[in-house]
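Q: Residue-level listing of the chains:
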Amino acid sequence: MTDSRLSSEAAASVTALYAEHALGLVRLAFVMTRDRACAEDIVQEAFFGLYRRWGRLPDTSAPLAYLRVSVLNGCRTALRRRARLGSLNPFGETAEGTGQHAESAEARALLSEEQRAVAVALRRLPQRQREALVLRYYLDLSEEEIARSMGVTRGTVKSATHRALAAIGRTLKEGSS
Amino acid sequence: MTRAEEAITSTTRAIASTVRDVPPLRLEPVPDKLRFSGQGPARPRARGWLGRWRPWLAPVTAAAVVVAVALALVIVRELPSGPAAPSGAQKDAIMNGVPEYYVASMPDDRPGFVIGNTASGAIVGTVQSPSGVLLTAVYGGAADDRTFIVTGNGSNGANAGTQWYLLRITPGSKTAARLVPLPIPVHQPPAGVAISPDGTKLAIALRGTPAVLRVYSTVTGALLRNWSASSGQIMAVTSPPDSWGNPATALRWLPSGTGVVFAWNGKAIRVIPSTARDGNLLASATVSLIGPVVPTTGITVTCDAAQGWEMIFPGIVCPGTWRAPGAPSSSASAPSGGTCPFDQRVTFAFDVAFSLHGDMREHGPVSECSYQVRPGDGAYIGWSNADGSVLIGSLVWDGHTRFGVFRGDSFTPLPAIPAPNTSATGIVLGAVAWLRGGR
Numbered sequence: 000m001t002d003s004r005l006s007s008e009a010a011a012s013v014t015a016l017y018a019e020h021a022l023g024l025v026r027l028a029f030v031m032t033r034d035r036a037c038a039e040d041i042v043q044e045a046f047f048g049l050y051r052r053w054g055r056l057p058d059t060s061a062p063l064a065y066l067r068v069s070v071l072n073g074c075r076t077a078l079r080r081r082a083r084l085g086s087l088n089p090f091g092e093t094a095e096g097t098g099q100h101a102e103s104a105e106a107r108a109l110l111s112e113e114q115r116a117v118a119v120a121l122r123r124l125p126q127r128q129r130e131a132l133v134l135r136y137y138l139d140l141s142e143e144e145i146a147r148s149m150g151v152t153r154g155t156v157k158s159a160t161h162r163a164l165a166a167i168g169r170t171l172k173e174g175s176s
Numbered sequence: 000m001t002r003a004e005e006a007i008t009s010t011t012r013a014i015a016s017t018v019r020d021v022p023p024l025r026l027e028p029v030p031d032k033l034r035f036s037g038q039g040p041a042r043p044r045a046r047g048w049l050g051r052w053r054p055w056l057a058p059v060t061a062a063a064v065v066v067a068v069a070l071a072l073v074i075v076r077e078l079p080s081g082p083a084a085p086s087g088a089q090k091d092a093i094m095n096g097v098p099e100y101y102v103a104s105m106p107d108d109r110p111g112f113v114i115g116n117t118a119s120g121a122i123v124g125t126v127q128s129p130s131g132v133l134l135t136a137v138y139g140g141a142a143d144d145r146t147f148i149v150t151g152n153g154s155n156g157a158n159a160g161t162q163w164y165l166l167r168i169t170p171g172s173k174t175a176a177r178l179v180p181l182p183i184p185v186h187q188p189p190a191g192v193a194i195s196p197d198g199t200k201l202a203i204a205l206r207g208t209p210a211v212l213r214v215y216s217t218v219t220g221a222l223l224r225n226w227s228a229s230s231g232q233i234m235a236v237t238s239p240p241d242s243w244g245n246p247a248t249a250l251r252w253l254p255s256g257t258g259v260v261f262a263w264n265g266k267a268i269r270v271i272p273s274t275a276r277d278g279n280l281l282a283s284a285t286v287s288l289i290g291p292v293v294p295t296t297g298i299t300v301t302c303d304a305a306q307g308w309e310m311i312f313p314g315i316v317c318p319g320t321w322r323a324p325g326a327p328s329s330s331a332s333a334p335s336g337g338t339c340p341f342d343q344r345v346t347f348a349f350d351v352a353f354s355l356h357g358d359m360r361e362h363g364p365v366s367e368c369s370y371q372v373r374p375g376d377g378a379y380i381g382w383s384n385a386d387g388s389v390l391i392g393s394l395v396w397d398g399h400t401r402f403g404v405f406r407g408d409s410f411t412p413l414p415a416i417p418a419p420n421t422s423a424t425g426i427v428l429g430a431v432a433w434l435r436g437g438r
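Chains as they are written, first to last, in numbering that gives the first Met the number 0: chain P, 0 to 176; chain V, 0 to 438.
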């Protein structure tokens with residue numbers, strides 16, 4: 000197959016995938032980063048990466064899994080960079096700990112008080128625990144799928160989920176007491 | 000499903016539901032070369048993936064400042080020769096009067112700091128992040144040039160929030176650097192950090208209401224002084240309250256160690272004696288400089304470019320000269336047909352500028368100017384000699400960064416660009432070791 004033909008086939012395939020999955024992936028990235036522009040760019044980057052590697056992908060039949068891993072990697076990088084940029088403020092909170100961050104006013108307005116508390120608790124979780132929870136309870140993935148997406152073992156997924164749930168449970172308990 | 004599980008499901012779905020559309024896909028290659036003058040015509044500006052990459056950085060760096068940052072640069076002066084001493088000619092060319100070593104953050108996947116040779120770029124030592132902590136910033140300035148403050152971000156549990164460390168450079172020994180935990184009970188992100196010249200005291204500024212300036216002992220962690228002000232903020236560059244400040248440039252000690260100098264509301268410099276009684280910050284502090292907003296508006300563009308560089312606007316070529324701190328600005332007027340309506344604020348601080356920060360804001364109809372000036376574009380100074388005639392810093396413009404030594408109107412690029420993955424944002428100097436003059 001010539002390079003130009005491969006390129007146009009890749010572009011068509013990736014464009015079709017984008018139409019089908021971009022919204023879901025941007026939402027996933029937004030849940031992880033709470034930054035809309037950042038989420039969009041992470042997803043753009045993931046699709047561009049897929050396009051560039053199209054001819055070298057070992058399995059083009061499972062692009063969503065590939066994209067999901069790319070998006071999660073992008074989120075990790077963005078959060079790490081944000082932590083560094085923010086000089087210890089990875090969650091975008093103010094010095095007073097008021098919990099303000101780079102989310103839209105709309106996003107804040109749509110959350111109930113309990114959901115806001117859960118959102119803050121989610122952002123305070125270690126990266127791995129947060130990913131495990133989001134993949135499990137937002138995307139409804141199985142442990143096996145989560146393990147593949149995160150590149151860890153099922154045991155790690157189990158323990159991360161368990162600890163994260165315990166932390167969220169404590170937050171809810173404190174909020175109601 | 001437990002209550003926690005239900006809450007997580009509903010919360011994540013509620014958050015996700017606010018995203019209802021996505022921008023169109025762009026499949027364009029990433030430009031990856033810097034644009035130098037004298038290397039042929041300028042390439043078209045990035046409008047593809049990299050072009051999209053910057054906008055999400057804008058809110059991040061937005062308003063602020065940059066500097067806090069991706070890249071913490073600390074210059075370590077007069078370190079005895081390590082294993083990678085620069086060659087004679089190269090050293091003469093680059094090192095004349097500038098620090099020989101720096102400390103900088105490592106790439107994201109290797110948290111920690113490196114001690115590098117300014118002239119050769121060789122790494123002569125590393126500082127690893129302690130377990131459970133991500134080292135994020137380094138501050139210098141102790142007179143022995145061997146003592147620095149490092150802050151990190153604890154992930155959870157007992158070490159959650161800001162963690163403080165003393166970094167001691169020990170050249171010539173088996174361990175090039177030692178990181179010692181400090182019992183400083185401040186766990187929120189600092190607005191300013193400065194270590195005293197004798198290395199025994201640490202000044203920390205905190206944002207909020209009231210704004211707070213404290214001095215702690217680096218030996219015991221004891222609170223030595225505590226001042227506050229009910230309104231206003233300690234900050235070098237004005238920025239929204241929920242954005243990131245620039246803790247490296249908001250605060251420093253007088254070289255004598257007898258007082259702390261702080262930037263106030265981005266427009267004044269005040270000095271408070273270290274012996275001032277606890278209480279009102281402003282009542283005890285004298286004003287040493289008021290400024291520093293130097294706006295240029297309309298079609299006049301202030302150029303801050305080093306020799307050999309151009310700042311390129313659509314239809315406007317602005318051959319710039321480096322502006323030495325305190326010197327009058329070098330301005331050039333855009334051609335009458337080339338409207339590029341924005342203004343630029345340049346921040347000076349203290350008696351010599353250590354934060355020449357282009358807090359550039361779009362102003363007027365941006366549709367007339369296809370290059371949108373980004374927050375974060377500008378010039379950043381990591382080190383300066385006593386009179387400001389020699390600087391190490393970076394110029395960030397159009398997604399590219401020029402990092403090196405600025406001496407008068409000449410520019411010498413340094414091979415020691417401290418992190419490889421900052422091309423999209425430019426190198427911004429996150430933490431600055433204020434050294435008391437060159438050699």
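Hints were generated in silico from the structure; no laboratory data involved. The structure presented is a predicted model; accordingly, all values stated were derived computationally and were not measured. Glycine residues also receive a C-beta, built at the ideal position from the N, C-alpha and C atoms. Each hint should be verified, as a subset may be incorrect.
[As the list claims (entries may be wrong)] Below, in silico cross-link-like pairs of lysine to aspartate or glutamate (DMTMM-like), each with a Cα-Cα straight-line distance of 20 Å or less: (1) P:Lys157 - P:Glu173; (2) P:Lys157 - V:Asp20; (3) P:Lys157 - V:Asp197; (4) P:Lys157 - P:Glu113; (5) P:Lys157 - P:Glu112; (6) P:Lys172 - V:Asp20; (7) P:Lys157 - P:Glu143; (8) P:Lys157 - P:Glu142; (9) P:Lys172 - V:Glu5; (10) P:Lys157 - P:Glu144.
[What the hints assert, rightly or not] Okay, the calculated bits of chain P under chain V, using three or more residues with CB under 8 Å as the criterion: (11) 31-44; (12) 114-128; (13) 140-153.
Q: None of the hints should be skipped; say for each whether it holds.
A: Now the hints, each set against the structure:
1. Distance restraint check for Lys157 of chain P and Glu173 of chain P: the Cα-Cα separation of roughly 24 Å exceeds the 20 Å cut-off, and the hinted pair is therefore not satisfied.
2. Distance check on the hinted pair: Lys157 of chain P and Asp20 of chain V sit about 33 Å apart at the alpha-carbon level, beyond 20 Å; violated.
3. Using a Cα cut-off of 20 Å, the hinted pair Lys157 of chain P and Asp197 of chain V is violated, with the two alpha carbons roughly 50 Å apart.
4. Between Lys157 of chain P and Glu113 of chain P the alpha-carbon distance is near 25 Å, which puts this suggested pair outside the 20 Å criterion.
5. Among the hinted pairs, Lys157 of chain P with Glu112 of chain P is inconsistent with the structure: their alpha-carbon atoms are about 28 Å apart, more than 20 Å.
6. Restraint check: the Cα-Cα separation between Lys172 of chain P and Asp20 of chain V comes to about 36 Å, which exceeds 20 Å; the hinted pair is violated.
7. Distance check on the hinted pair: Lys157 of chain P and Glu143 of chain P sit about 10 Å apart at the alpha-carbon level, within 20 Å; holds.
8. For the proposed pair Lys157 of chain P and Glu142 of chain P, the alpha carbon gap of about 7 Å is at most 20 Å, so the pair holds.
9. About 14 Å separates the Cα atoms of Lys172 of chain P and Glu5 of chain V, which keeps this hinted pair within 20 Å; it holds.
10. Between the alpha carbons of Lys157 of chain P and Glu144 of chain P the distance comes to roughly 12 Å, so the proposed pair stays at or under 20 Å and holds.
11. Counting residues of the region 31-44 of chain P whose beta carbon lies closer than 8 Å to any beta carbon of chain V gives 11, which meets the minimum of three for the stated coverage.
12. As drawn, the region 114-128 of chain P meets chain V at 7 residues by the rule of a beta-carbon pair under 8 Å; at three or more, the given contact holds.
13. Under a criterion of three residues with beta carbons nearer than 8 Å to beta carbons of chain V, the stated coverage of the region 140-153 of chain P fails, only 0 such residues being counted.
In summary, the numbered hints that this structure violates are 1, 2, 3, 4, 5, 6, 13.
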